[in-house]
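Spelled out, the chains give:
Protein chains: 2
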Amino acid sequence: MLERIRIVLIGTSHPGNIGAAARAMKTMGLEQLALVAPRGEGINPEAIARASGADDLLERATLHDTLEPALKDCQWVVGASARSRHLPWPLCSPREFSARLPGEMQHQSSTVALVFGREDKGLTNEELQRCHTHVHIPTSADYSSLNLAAAVQVLAYECRQAWLSTQSNTTDTLPGSAYPFGVEWDNPLANHADTERFFEHLERTLIDIGFHDPNNPRQLMARLRRLYMRSRMDVMELNMLRGILTRVDRLQNGHDRPSEPSDPVS
Amino acid sequence: MLERIRIVLIGTSHPGNIGAAARAMKTMGLEQLALVAPRGEGINPEAIARASGADDLLERATLHDTLEPALKDCQWVVGASARSRHLPWPLCSPREFSARLPGEMQHQSSTVALVFGREDKGLTNEELQRCHTHVHIPTSADYSSLNLAAAVQVLAYECRQAWLSTQSNTTDTLPGSAYPFGVEWDNPLANHADTERFFEHLERTLIDIGFHDPNNPRQLMARLRRLYMRSRMDVMELNMLRGILTRVDRLQNGHDRPSEPSDPVS
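Residue numbers (this note's numbering), protein chains in the order written: chain A, 1 to 266; chain P, 1001 to 1266.
Possibly wrong hints are sitting among the right ones.
[Unchecked claim] Calculated from the model, a selection of chain P residues having no Cβ within reach of chain A, i.e. all distances over 10 Å: (1) Ala1024; (2) Ser1052; (3) Pro1088; (4) Ser1145; (5) Ala1149; (6) Asn1191; (7) Glu1196; (8) Pro1217.
[As the list claims (entries may be wrong)] Which chain P residues face chain A? A few, computed with CB under 8 Å, are given here: (9) Met1221; (10) Leu1245; (11) Val1248.
Everything labelled a hint here was simulated from the structure, so no lab data went into it.
Note that the Cβ used here is the ideal one computed from N, Cα and C, for glycine as well.
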């Protein structure tokens, strides 16, 4: 799907922005770059430097005098628009764009174009009217000067999110929901029985060392339970905590009954 | 809300990236920039040029020798991490980060830090272990070289999405997003500085009682950090744990020097 999304840059002034846009695309798995009438030198050494290893996208970029040939095989043309125009046009947020994308690209032949305008004045009304939809990246009311490559980065990221959503549906492994911590863990989680034994041990030790008075418990054990329960301890963590408690028990026994050996004589 | 989100850049080499990060922040309404031990010139003319009108953020940026002071008043510290580490840590996607953010920031005093590492090698394990949560921006398996300012742009954009979601749903507080625990809490969450003091105390006590050998640390402290960090301790819980440690310290001192009274004679 991502290989059928085309980034179209119109009238770019700064070659560095073309390179940075290529880098932004490649990190998100996009491949197709089309340049329409760049106003500067186009792909020059600065563009290649800023591409930082994404120069294969620059090499394969297509160059056009006008917008039309860059769009001709596209089924959905989306223009990145900074400001609202006098003539209202179907508009979506980057999130809504992302949500629509998989459906728009379901046919294997579907190609989508994302069109970005000039650094200083964006897309003309004529260009905006070549688009099916406008997408507006919400920016601060006080400062909306989004860099061209940064705008490409945000929408390329939303393209990748859209693609990831199609991948996760197939095998039911939503990133972040597969495991309680959003990542494959190194140890199995502790089971209920072992967790309860830990709490018994913890309470006994806290009584022994004089920190906890079962006749005046306040909420001590309830609060400690809440703390440890919500961390979802794994088995190694639980064993470490029990090891610490055992060490404190030995200390306590030695302190209370210094003449009495707590371990069998070996 | 957005004014209480801090972008922390550690060991940045290229001043241009600092400027571009400031610009990315400002377009999304973020204001707080903290620089930790920049490796290059820091804020120089190139940084100001790339900030392109966001130079007020550069002027107000704080500069720190180490990470600690940049985090000390923060309740939620999130590290941008490119790769998975040998010790798994609670991880979220930028979307999940965005969904959690309004709840995390509901208290007017809550400050959140988003920490970004070096251009060439990201965050160290030690730095990553100062974080409650890691956030990973999904990138192409073939090319994951996300520019620093581009990464700031994506997460700043997700911060703004989070803020926009609070503006539109004035009455709709989604269960599970209202607070980190999905419910109004009884105590404020512990801040970074107090949490670090707890870990120092814990480590000292574990060394004193002979459970932890700093010359052969294995992953003990990292694992304990992970356990407590992901439970998001509140101030009362933290005080209880410190009280337990203090009790164990007294026991240990009494045990080591039995002739020395640990309490005043009554």
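Hint-by-hint comparison with the structure:
1. For P:Ala1024, the shortest C-beta to C-beta distance to chain A comes to about 6 Å, within the 10 Å cut-off, and the non-interface label is violated.
2. For P:Ser1052, the non-interface assignment is contradicted: its Cβ lies about 6 Å from the closest Cβ of chain A, within the 10 Å cut-off.
3. With a least CB separation of 5 Å from chain A, P:Pro1088 falls inside the 10 Å interface cut-off, contrary to its annotation.
4. Not every Cβ of chain A is farther than 10 Å from the Cβ of P:Ser1145; the closest lies at roughly 6 Å, contradicting the non-interface assignment.
5. Not every Cβ of chain A is farther than 10 Å from the Cβ of P:Ala1149; the closest lies at roughly 7 Å, contradicting the non-interface assignment.
6. Taking the minimum C-beta to C-beta distance to chain A, about 17 Å, the non-interface status of P:Asn1191 holds against the 10 Å cut.
7. For P:Glu1196, the non-interface assignment is confirmed: its Cβ lies about 18 Å from the closest Cβ of chain A, beyond the 10 Å cut-off.
8. Once the 10 Å rule is applied to beta carbons, P:Pro1217 is consistent with being away from chain A; the minimum gap is 13 Å.
9. Taking 8 Å as the C-beta cut-off, the interface hint given for P:Met1221 is violated, the closest approach to chain A being about 10 Å.
10. Taking 8 Å as the C-beta contact cut-off toward chain A, the hint placing P:Leu1245 at the interface is violated, the least distance being around 10 Å.
11. Restraint check, P:Val1248 versus chain A: the minimum CB separation of about 6 Å is within 8 Å; hint holds.
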